[in-house]
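Undergrad: Residues per chain, in single letters:
Protein chains: 2
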Amino acid sequence: MPKLVPFSLSCVIGGSGHITVSKAHDALSPFFGKATSTLYGHKGELRVDAQHAALLNGIASHVHDYDDTHLSTIIHPTGPVASAALAFAEYQGGISGPELLCALTAGIEASCKIGLAVWPEHYDIGWHITSSTGSIGAAVAVGKLMHLSAEQMAHAIGIAAVQVVGLREMFGSDTKSFHPGRAAQSGLLAALLAEKGYTSSEQALEAKRGWANVVAGGGTPELHKYLSQLGQTWEIEANAFKPFPCGIVCHPVIDGCIQLHNDMPRSGRTPETIVKIEARVHPLVIELTSKRTPKDGLEAKFSVYHGAAVGLLWGKAGPAEYANEVVQDKAVIEIRDKVDAAADVDLAADETYLTVHFSNGSKLEKHVQHAVGSLEVPMSDEQLTAKFVDQVERVLGVGAKKASNAAWSIGGAKDVAEILRVL
Amino acid sequence: MPKLVPFSLSCVIGGSGHITVSKAHDALSPFFGKATSTLYGHKGELRVDAQHAALLNGIASHVHDYDDTHLSTIIHPTGPVASAALAFAEYQGGISGPELLCALTAGIEASCKIGLAVWPEHYDIGWHITSSTGSIGAAVAVGKLMHLSAEQMAHAIGIAAVQVVGLREMFGSDTKSFHPGRAAQSGLLAALLAEKGYTSSEQALEAKRGWANVVAGGGTPELHKYLSQLGQTWEIEANAFKPFPCGIVCHPVIDGCIQLHNDMPRSGRTPETIVKIEARVHPLVIELTSKRTPKDGLEAKFSVYHGAAVGLLWGKAGPAEYANEVVQDKAVIEIRDKVDAAADVDLAADETYLTVHFSNGSKLEKHVQHAVGSLEVPMSDEQLTAKFVDQVERVLGVGAKKASNAAWSIGGAKDVAEILRVL
Numbered sequence: 001m002p003k004l005v006p007f008s009l010s011c012v013i014g015g016s017g018h019i020t021v022s023k024a025h026d027a028l029s030p031f032f033g034k035a036t037s038t039l040y041g042h043k044g045e046l047r048v049d050a051q052h053a054a055l056l057n058g059i060a061s062h063v064h065d066y067d068d069t070h071l072s073t074i075i076h077p078t079g080p081v082a083s084a085a086l087a088f089a090e091y092q093g094g095i096s097g098p099e100l101l102c103a104l105t106a107g108i109e110a111s112c113k114i115g116l117a118v119w120p121e122h123y124d125i126g127w128h129i130t131s132s133t134g135s136i137g138a139a140v141a142v143g144k145l146m147h148l149s150a151e152q153m154a155h156a157i158g159i160a161a162v163q164v165v166g167l168r169e170m171f172g173s174d175t176k177s178f179h180p181g182r183a184a185q186s187g188l189l190a191a192l193l194a195e196k197g198y199t200s201s202e203q204a205l206e207a208k209r210g211w212a213n214v215v216a217g218g219g220t221p222e223l224h225k226y227l228s229q230l231g232q233t234w235e236i237e238a239n240a241f242k243p244f245p246c247g248i249v250c251h252p253v254i255d256g257c258i259q260l261h262n263d264m265p266r267s268g269r270t271p272e273t274i275v276k277i278e279a280r281v282h283p284l285v286i287e288l289t290s291k292r293t294p295k296d297g298l299e300a301k302f303s304v305y306h307g308a309a310v311g312l313l314w315g316k317a318g319p320a321e322y323a324n325e326v327v328q329d330k331a332v333i334e335i336r337d338k339v340d341a342a343a344d345v346d347l348a349a350d351e352t353y354l355t356v357h358f359s360n361g362s363k364l365e366k367h368v369q370h371a372v373g374s375l376e377v378p379m380s381d382e383q384l385t386a387k388f389v390d391q392v393e394r395v396l397g398v399g400a401k402k403a404s405n406a407a408w409s410i411g412g413a414k415d416v417a418e419i420l421r422v423l
Numbered sequence: 424m425p426k427l428v429p430f431s432l433s434c435v436i437g438g439s440g441h442i443t444v445s446k447a448h449d450a451l452s453p454f455f456g457k458a459t460s461t462l463y464g465h466k467g468e469l470r471v472d473a474q475h476a477a478l479l480n481g482i483a484s485h486v487h488d489y490d491d492t493h494l495s496t497i498i499h500p501t502g503p504v505a506s507a508a509l510a511f512a513e514y515q516g517g518i519s520g521p522e523l524l525c526a527l528t529a530g531i532e533a534s535c536k537i538g539l540a541v542w543p544e545h546y547d548i549g550w551h552i553t554s555s556t557g558s559i560g561a562a563v564a565v566g567k568l569m570h571l572s573a574e575q576m577a578h579a580i581g582i583a584a585v586q587v588v589g590l591r592e593m594f595g596s597d598t599k600s601f602h603p604g605r606a607a608q609s610g611l612l613a614a615l616l617a618e619k620g621y622t623s624s625e626q627a628l629e630a631k632r633g634w635a636n637v638v639a640g641g642g643t644p645e646l647h648k649y650l651s652q653l654g655q656t657w658e659i660e661a662n663a664f665k666p667f668p669c670g671i672v673c674h675p676v677i678d679g680c681i682q683l684h685n686d687m688p689r690s691g692r693t694p695e696t697i698v699k700i701e702a703r704v705h706p707l708v709i710e711l712t713s714k715r716t717p718k719d720g721l722e723a724k725f726s727v728y729h730g731a732a733v734g735l736l737w738g739k740a741g742p743a744e745y746a747n748e749v750v751q752d753k754a755v756i757e758i759r760d761k762v763d764a765a766a767d768v769d770l771a772a773d774e775t776y777l778t779v780h781f782s783n784g785s786k787l788e789k790h791v792q793h794a795v796g797s798l799e800v801p802m803s804d805e806q807l808t809a810k811f812v813d814q815v816e817r818v819l820g821v822g823a824k825k826a827s828n829a830a831w832s833i834g835g836a837k838d839v840a841e842i843l844r845v846l
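Line order of the protein sequences matches chains B and W. Just so we're aligned: 260 in this note's numbering is position 260 of the first sequence, and the numbers increase by one with no gaps anywhere. Just so we're aligned: 829 in this note's numbering is position 406 of the second sequence, and the numbers increase by one with no gaps anywhere.
For the record, the hints were derived by calculation from the structure and aren't laboratory data. Among the clues, some could well be false.
Below 27 Å or equal to it, Euclidean Cα-Cα: the simulated DSSO-like pairs (lysine-lysine) are [what the hints assert, rightly or not]:
#: 1; chain 1: W; residue 1: LYS466; chain 2: W; residue 2: LYS714
#: 2; chain 1: W; residue 1: LYS699; chain 2: W; residue 2: LYS761
#: 3; chain 1: W; residue 1: LYS837; chain 2: W; residue 2: LYS824
#: 4; chain 1: W; residue 1: LYS457; chain 2: B; residue 2: LYS196
#: 5; chain 1: B; residue 1: LYS196; chain 2: W; residue 2: LYS466
#: 6; chain 1: W; residue 1: LYS619; chain 2: B; residue 2: LYS23
#: 7; chain 1: B; residue 1: LYS34; chain 2: W; residue 2: LYS446
#: 8; chain 1: B; residue 1: LYS196; chain 2: W; residue 2: LYS446
#: 9; chain 1: B; residue 1: LYS34; chain 2: W; residue 2: LYS761
#: 10; chain 1: W; residue 1: LYS457; chain 2: B; residue 2: LYS23
#: 11; chain 1: B; residue 1: LYS338; chain 2: B; residue 2: LYS276
#: 12; chain 1: W; residue 1: LYS457; chain 2: W; residue 2: LYS619
#: 13; chain 1: B; residue 1: LYS34; chain 2: W; residue 2: LYS457
#: 14; chain 1: B; residue 1: LYS196; chain 2: W; residue 2: LYS718
#: 15; chain 1: W; residue 1: LYS739; chain 2: W; residue 2: LYS699
#: 16; chain 1: B; residue 1: LYS208; chain 2: W; residue 2: LYS714
#: 17; chain 1: W; residue 1: LYS619; chain 2: B; residue 2: LYS43
Okay, the calculated beta carbon distance ranges per label pair [unchecked claim]:
#: 18; chain 1: B; residue 1: SER22; chain 2: W; residue 2: CYS525; range: 25 to 35 Å
#: 19; chain 1: W; residue 1: GLU574; chain 2: B; residue 2: LYS225; range: 40 to 50 Å
#: 20; chain 1: B; residue 1: LYS414; chain 2: W; residue 2: GLU625; range: 43 to 53 Å
#: 21; chain 1: B; residue 1: GLN383; chain 2: W; residue 2: SER445; range: 28 to 38 Å
#: 22; chain 1: B; residue 1: GLY172; chain 2: W; residue 2: ALA661; range: 33 to 43 Å
#: 23; chain 1: W; residue 1: SER445; chain 2: B; residue 2: ALA348; range: 52 to 62 Å
#: 24; chain 1: W; residue 1: SER803; chain 2: B; residue 2: SER22; range: 47 to 57 Å
#: 25; chain 1: W; residue 1: GLY654; chain 2: B; residue 2: SER72; range: 46 to 56 Å
#: 26; chain 1: W; residue 1: HIS647; chain 2: B; residue 2: HIS367; range: 51 to 61 Å
#: 27; chain 1: B; residue 1: ASP381; chain 2: W; residue 2: ILE497; range: 16 to 26 Å
#: 28; chain 1: B; residue 1: GLN328; chain 2: W; residue 2: ILE497; range: 54 to 64 Å
A few chain W positions that, by computed beta-carbon distances, are all more than 12 Å from chain B [what the hints assert, rightly or not]:
#: 29; residue: TYR546
#: 30; residue: THR696
#: 31; residue: LYS718
#: 32; residue: HIS793
Yeah, the Cβ is synthetic: ideal placement off N, Cα and C, and Gly gets one too.
Put together the whole structure using the sequences plus the hints.
TA: Written out as structure tokens, the structure reads:
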């Protein structure tokens, strides 16, 4: 759980320089209020009012499709929840690390439980479930930080529940990452209003014309089933951190190729002497990520061939390896064209068998049973730190290790605002 | 159409002092940005940033349930659209009266046409159709004022379409009027982002997983049918102004009682000498508004007996006549208890027959064929002006006539901001 903050901040900082975030920043800067809350990823301090911080950091959290995933609902819960909670924590001041982690957990549990209640019809019909549940999770998290009474919290949930954000139709446009940003801001707004006695229905989720029935997409919501498990089962434990910013079905191949890259030097082999790569993969990999000749970074996110190539060549597959110029790099294309992938119905979705043939006739093999980032093989603290440092260095150039240490220390902080401000 | 601005402003000013608006103002004032746009209904100038002005004026526009109604969809279109457009017009400056009226019309047509496309299932399942269509209407209106390109306007509509606001479950709480406020703010935000090149899907409304299909509530949206009529049929002509702040089915009785109040002096009769009032009404009046002994203003909105009593006593039924203390007034209760209402299936919904019996044995009769405020008998300019003056005087005490003249003149203004600022 303490991993949440560094993980989440690494996504926000990593995304902060993206053109999508810049456009939103330009559009909204004439409306910024009193500067209390940090916009992460900027050299020097850059603070804005908490509502805009929640929105802009929330956009940045999702723009690389690199955030955490609650695998049973494909909700990315931390973006909306943390963007609201951190912005409020700095505005408010005096909030301790344990308080923050408790609030984040409450918000994430709320989002994921109500998401489970309306899954899968809610997503199937077209809601972007990350944001359509995220405003409620964000309200719960901020409400916790405010120490709202039960009645106020019910109203906060209600005010959040009437702001249903996010349609899947927007995938591929700037608006996709607007969704978690607006969800963060909507949840924060809901808690702020409820704190001052603004009322809503107290059956906002479960009423006949409440949230669950209205957004269920024709399904039968199971709110009672999932909400009665609150505090007994923990969705946060089923929340996985993505090691690579691309379609999750490619991850076993990328994981294996990175391992092979690391194996090569020991036997004196180099990527340049590869003549062929054979991958046996789950059929979904072929169905979803078989872009043979991706033309840019966005398409490369759906190319298992590109993922394999950068893994073998450089031993990593972060946002830098999905830059447009890398996708057009001659060396990358050369290896990419040597990759063959074949579907094997006997494999699990997070499993692959790889064979690399070298020009001297030798070969290396690798079986990945569970890809890194799966629940069985979660990213280690070292991998999360490396991800943090990589994201921060790419954006800020310097101070990444110091920022990482600060982010990891937040769970024990007396006032988290003091740490957030130096990030 | 030029009536829209004074009508809309009268609702905003009339609602501005309501506790619901004050709570929202208190909660959000720490976040206000640069003061460019007026919060109407305050003594002296009170300006805030345009986003918060759109939100708070939008809440005020609806808080008395006194706003305009597009009768085929029961959308109250002007609140979200005008709250966004007026806040932006002051922020931007240099926008003329005709430009403003054109933008308001475009926004209202957009809201109502897409509302028709998903009516009635969308409302039946539980969406508050005023706000769920209102963010899109507000985006169109502000987009017009910005002179967005067709592509930018498509993106603005898309960004607005992912912010679906408002559940009927909230009726009876502060959150009901939050809906049009948040819709106004969401539409303004959408246009601001689109202006800076923020992209969305360009099939946001009609795509398989676009707005219409997602929010259709199981119905089959008829988007093409209604959108192809844009510019040919005008929903704004089917938009009625409410003369009384209560359930619309009471309006024929109130209208008739006000006429009877005006008739009494000529024949030397007074309300004090009334012994009985008989009303024949459409059955819905009994079904929806038969609260015999309303305990406060909110319940009185659903009491045809209260409406009849204040109409007969004072010849008016504005917000002042729905104040809690009026509902408990002895003279009101005395007349209220003398009202009998009987359902007559042969009457139209906007029709009534009234008979008032006096202590000297005489009687007065009145047949209201179409209540004032219906499409057949719209409120006259004089009635709208009286409504404006009444609302403004109640809140500000002074300057009502001057403000009314200013509001009526806006259609010819060179820069509407100059007029809005003095309101």
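Undergrad: Under the constraints set out in the numbered hints, which ones does this structure not fulfil?
TA: 1, 9, 21, 27, 29
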